[in-house]
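Trainee: Given only the sequences and the hints, what does the whole structure look like? Please build it.
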Amino acid sequence: MKILGLSFGKKNANSDILTKEALYGAKEAYPDAEIKFINTQRLTIDRCIGCGACSMALERGKDNNCVIKDDFQMVEEEIRKADAVIVAAPVYVLQPVGQFKNLVDRFSCRHDVSAINWVLDKRRNGEMPGDPDAFPQERFKRRTVSYISVGGASTENWTSMGTATLHLFGFPVMMQVVANYNANSMGTIGNPYLDEELIGHMQEIGKRTAAALEMAPEDVEYYGPKGNGTCPVCHQNLLTVNGTTTVECPICGIEGKISIDGDKLHVEFSEAQQARARGTFAGLREHTTEIQGFGAICGPKIMANKALLDRQMDRIKNFDQYISE
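Whatever position you read off the sequence shown (first residue = 1), add 18 for this note's numbering.
Honestly, I wouldn't trust all of these hints.
[Unchecked claim] List time: in silico DSBU-like cross-link candidates among lysine-lysine, alpha-carbon distance up to 30 Å: (1) K275 <-> K54; (2) K80 <-> K29; (3) K54 <-> K99; (4) K225 <-> K244; (5) K244 <-> K275; (6) K140 <-> K54.
[To be verified] Computed spacing ranges between beta-carbons, pair by pair: (7) R142 <-> E52: 29 to 35 Å; (8) K324 <-> P243: 53 to 59 Å; (9) R142 <-> P243: 43 to 49 Å; (10) A152 <-> S277: 41 to 47 Å; (11) N246 <-> K54: 27 to 33 Å; (12) G261 <-> L112: 39 to 45 Å; (13) I276 <-> Y110: 28 to 34 Å; (14) N83 <-> I56: 30 to 36 Å; (15) K54 <-> A325: 38 to 44 Å.
Just so you know, these hints were derived from the structure itself, not from any lab. None of the values given here were measured: they were computed from a predicted structure. Backbone N, C-alpha and C fix where the C-beta goes; we use that ideal spot for every residue, glycine too.
Mentor: Structure below.
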């Protein structure tokens, strides 16, 4: 069993402490586990430039390596090796620090299980080049993950998008979320070691994240010390409303029906909706199908309007000239 801890905070500060205590908990429960810890703060993980090279390489029969060469490759390799992952990131402005999103953007487009399977099916049918059996199979293995959001504010709504955004990490490879924890109020706690209950939660998260690997997915019990949340899939309390009784979980992309009993709100998400959440194969496949259909829609439009677009794009490419006239 290989367990990876990823911290996006300062060295030996709150995110490091909480991640390492979770790893200590996992090691206590599974002494033979191989533990790896990475602090990313001083690593270079540049943003995705949207070049599409990784996707095009995959469709041309090659592995979809990223063209940007920095520390992302090392972190990616460790994620691929891991069976379980603990992720902690500080929240500076409502969401996790930007380096986390850089990693997610680079990681997601290369590891979307549905998109990769779509290409491998094409290879098997002879519609695309490449050997489907030669593709790295560890990309499809089951992994568990837990998220720890770290914030200073005592008012929890200043960190309300912390654990929600951390969920973006595990979507593409369908990691099973075992636990969320919003470790806010660090500005008044001072140091995690001054809160024994907090440290206890971290160690329990580590134990449960590792233990889940030996359980059937349906038997894994979500660990949410601050409540199970409104959405039964991601366990977050965020909702998108549109003026009707139909609401959506913005993290999972699933619809539910809202009802109010006195001052209590309830949202019912059907089994069918839960089965198409973003972290499921069905949910990912919906997105893959949508994206793969773009060419057939946009291609004819662009070709039919080529002269117009060439003229208009000249205004963009030579902006300085046009704006000064």
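Trainee: Each hint should be assessed against the structure and marked as holding or not.
Mentor: These are the hints, each one checked on the structure:
| no. | hint | verdict |
| --- | --- | --- |
| 1 | K275 <-> K54 | 42 Å, violated |
| 2 | K80 <-> K29 | 37 Å, violated |
| 3 | K54 <-> K99 | 10 Å, holds |
| 4 | K225 <-> K244 | 18 Å, holds |
| 5 | K244 <-> K275 | 24 Å, holds |
| 6 | K140 <-> K54 | 36 Å, violated |
| 7 | R142 <-> E52: 29 to 35 Å | 34 Å, holds |
| 8 | K324 <-> P243: 53 to 59 Å | 58 Å, holds |
| 9 | R142 <-> P243: 43 to 49 Å | 45 Å, holds |
| 10 | A152 <-> S277: 41 to 47 Å | 52 Å, violated |
| 11 | N246 <-> K54: 27 to 33 Å | 30 Å, holds |
| 12 | G261 <-> L112: 39 to 45 Å | 25 Å, violated |
| 13 | I276 <-> Y110: 28 to 34 Å | 32 Å, holds |
| 14 | N83 <-> I56: 30 to 36 Å | 20 Å, violated |
| 15 | K54 <-> A325: 38 to 44 Å | 56 Å, violated |
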